[in-house]
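Construct the entire structure; sequences and hints are all you get.
Keeping their order, the protein sequence lines are chains A and B.
Under our numbering, the residue at position 33 of the first sequence is numbered 33, and the numbers go up by one with no gaps.
The number in our numbering is simply the position in the second sequence, starting from 1, with 473 added.
Calculated from the structure, these hints are not laboratory results.
Keep in mind that a hint or two might mislead.
[Unchecked claim] In silico DSBU-like links for lysine-lysine, alpha-carbon gap of 30 Å or less:
hint, chain 1, residue 1, chain 2, residue 2
1, A, K26, A, K90
2, A, K26, A, K93
3, A, K31, A, K441
4, A, K441, A, K93
5, A, K93, B, K569
6, A, K90, B, K569
The residues making up each chain are set out below.
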Amino acid sequence: MKLMLFAPELLLLLGSLALFFMTTGKVGGKKARSFTLTLAIANIFLCFACLHNEGMLFFDAYKIDFFSQALKICISLGFAIVLLFSTELKGIKDEVRPEYYLFMLMSTIGLIMMVSSVELLSMFIALELSSYSLYLLVPMREDRAGLRMQMESAIKYIMFGVVATGIMLFGMSYLFGLTGTTYFSELIPAMHGLMGNPAAIVAVVMVLGGFLYKLGVFPLHFWVPDVYQGASNETTAFISSVPKIAAVAMLVRILALVTPEGKSLVTLLMVLSVCSMFYGNLVALVQTDIKRMLGFSGIAHAGYVLLGLITLQDSGYATSLYYITGYLLMNLACFLVICQVAQDGENLAIDDLSGLHQRSPLLALTLAVGMFALAGIPPFVGFMGKFMLLTGALKQGYLLLVILAAINTAISIYYYLSVVRVAYCNSPEQRPEVVVGGITKSVSLALVVIIIALGIAPNQIIQIATDVVRTIQ
Amino acid sequence: MNLLTLSNELNTYLVIGAMLFGIGFYGLVQRRTFIGMLISAELILSGASVNFMAFNRFLAPNPTVGQIFTLFIMAIAAAEAAIALSIIIAVYRNYKSVDTEDVADLQG
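Take a look at the structure:
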C-alpha cells in the first residue's frame, strides 16, 4: 500500500501541523517539547517498521529503498537524542519554544525527504525546507544581557547558504541542459556518455557544492565556527550533527553520477579534503570557546569523510556513511555535556569544564569518551571509522593523502585530549556541581555504550552500510 | 552571426545567465551591506532561472520541466528573501547597522 511507504514523513507532517496550531495558542515550551519528543520517538519506531519497504512515489521523484529508510532511522535517532538531552532548553525564551520545536521538526522533515528524493527538483526543495528552518533556529537564542552574536551568526549562515544554493542551482541547470532530464535514474546513464565533457564535470562540482556547504568542507566552511559559537548550545548540537548525515547521503547519490570515471573530480575532492583537515585541525588548536573548537573539528572531520568518497566505490561510500553516523554519536556526546554544564545556556570556555570529574563523574566520562572517539583512539567508533577510511584510500593508491590524514589525526589528538585533561586534572575551584536528570543520564550512558559497541564490532554495521549503498546503483 | 536572429539562439541566453551569475558573485564579494548582498544573491538565482528557461526552450525533450523548475526557484527565492530580511531586521535592532564591517563580533 502506498500510504505505508510514506508513513514516517506523513506522521511528522501531521505532527508539525498540530505543532503549528500549538504555536498559535498559548502553549508553553514544556507541552510543545513533550509533544515533539513523543512524535520523534514514535517516528523512530515507524522508521524501523518501514525499513524494508520499497517503492516509488510522486511520479517517480521519491524513492523508498533500503538506502533512504536506513538513513531515515539515523536522522530520526539524532533528532530524538537532541530532544532528549535538551530538557530545559536554557538558551531559548519560553514563549518562542513551540516555534523552536516546530522549526526543528520541519528541518528534520526536510532531511528525511532529502534522502529519499531521486530527482533534482525534489532534492532541491527538501534541502531548502531543512536549511530555511535551520537558518531560523539560530537567531532564536535569548538575547538577555545584550547577547547579540546569534544575529551575526544567523546572517552569515543564511548569506553563505543562499550562495551555496545558487551555485548548486546553476550546476543543476547545466545538468538539465546536458541531459534534458532531472531524474537520477536517467541522469546516471546519460552522464556516463558525457564524462569527457568539461561542462559535465563543472555541473557536478557545482551541484556537489550545495552539499559540501552543509557538511562544512573547506572553501564553503566560513559559516561553521561562527554559527557554532553564536547559536544556542542545543541548536548547535542539532546543526552540527543531523544535517551532516543527509549531506553525506546526498553526496553519495550525486557521486554515483560520475562513478567510476570521475578522475578529475577525485583530484579536486582530494585537495578539498586535505585543505579541510589542515585548516580545521590547525585553527582548532588555538580555540578557547569549546563550541568554536568543535566547529573547527567538524571541518576537519568533513575532510576525513571525503577520504571515503574519493575512492568512488561502494565500500568507500559505506565507510563514509559509517563514519558520519559515528561522528553524529560522538558529537552528540560532547554536546550533551556542554548543554548540561552550561547553567544558563551560556557559551562555555574550555576552562569552564575544570574538575568536571568531581562535579559530575558521569558527564566527565561521557565527555572523555566523546573526545577520545573524535580524536580517533581505540576502541571507540572514531578510531575504527578513521582506520577503515585510511585503509580504503590506501588500497586505491592514495599514499600521500593517507600520510597527510594520519599527520592530521596526530595534530587533532592534542586539542581533544587537552579538553579531557582540563576535565580530569584541573581542580573545580568555585564551580558548582552539575545536576543531571535521570533521562539525560540514561541517554549519556547509551551514547557511551553505542560509541564503544560500534568501535568494537563494526563489521555488521559496515555490512549494512554496504548493502545500503548498493541499493542506489 | 545575424543580430536579428540573436534572440533565437541558445548561446545568447547562456551568456546572459552566466553574466548574471558572475555579477551576483562579484556583488556578494564587493557589497558592504547585507541588503546589497541579498540583492546579489538574488541575481545568482535568476542566472540559474535564465539557464533553465533557455535549455527548456532550445534543448529539452519535455518543454515543461524547466519552466516548473524556474517557478519553484522563484518561490524559494521569495521565501529566502523573507527570511533573510527578517534576520537583517533582527541584526539592525541589535547592532544599529547592516554594514558587514560593523557586524563582526565573531572572530578568531
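How the hints compare with the structure:
1. A threshold of 30 Å between alpha carbons decides the hint, and for K26 of chain A with K90 of chain A the separation of about 19 Å falls inside it, so the pair holds.
2. Taken as a hint, the K26 of chain A and K93 of chain A pair is honoured in the structure, with Cα atoms around 14 Å apart against an allowance of 30 Å.
3. The suggested pairing of K31 of chain A with K441 of chain A holds, with an alpha-carbon distance near 22 Å, which does not exceed 30 Å.
4. For the hint linking K441 of chain A to K93 of chain A, the alpha-carbon distance of about 25 Å falls within 30 Å, and the restraint holds.
5. At most 30 Å may separate the alpha-carbon atoms for a hinted pair to count; K93 of chain A and K569 of chain B meet this at roughly 23 Å.
6. Of the pairs offered as hints, the one joining K90 of chain A and K569 of chain B holds, with about 27 Å between alpha carbons and a cut-off of 30 Å not exceeded.
Figure legend: structure checked against the earlier numbered hints; every hint is met.
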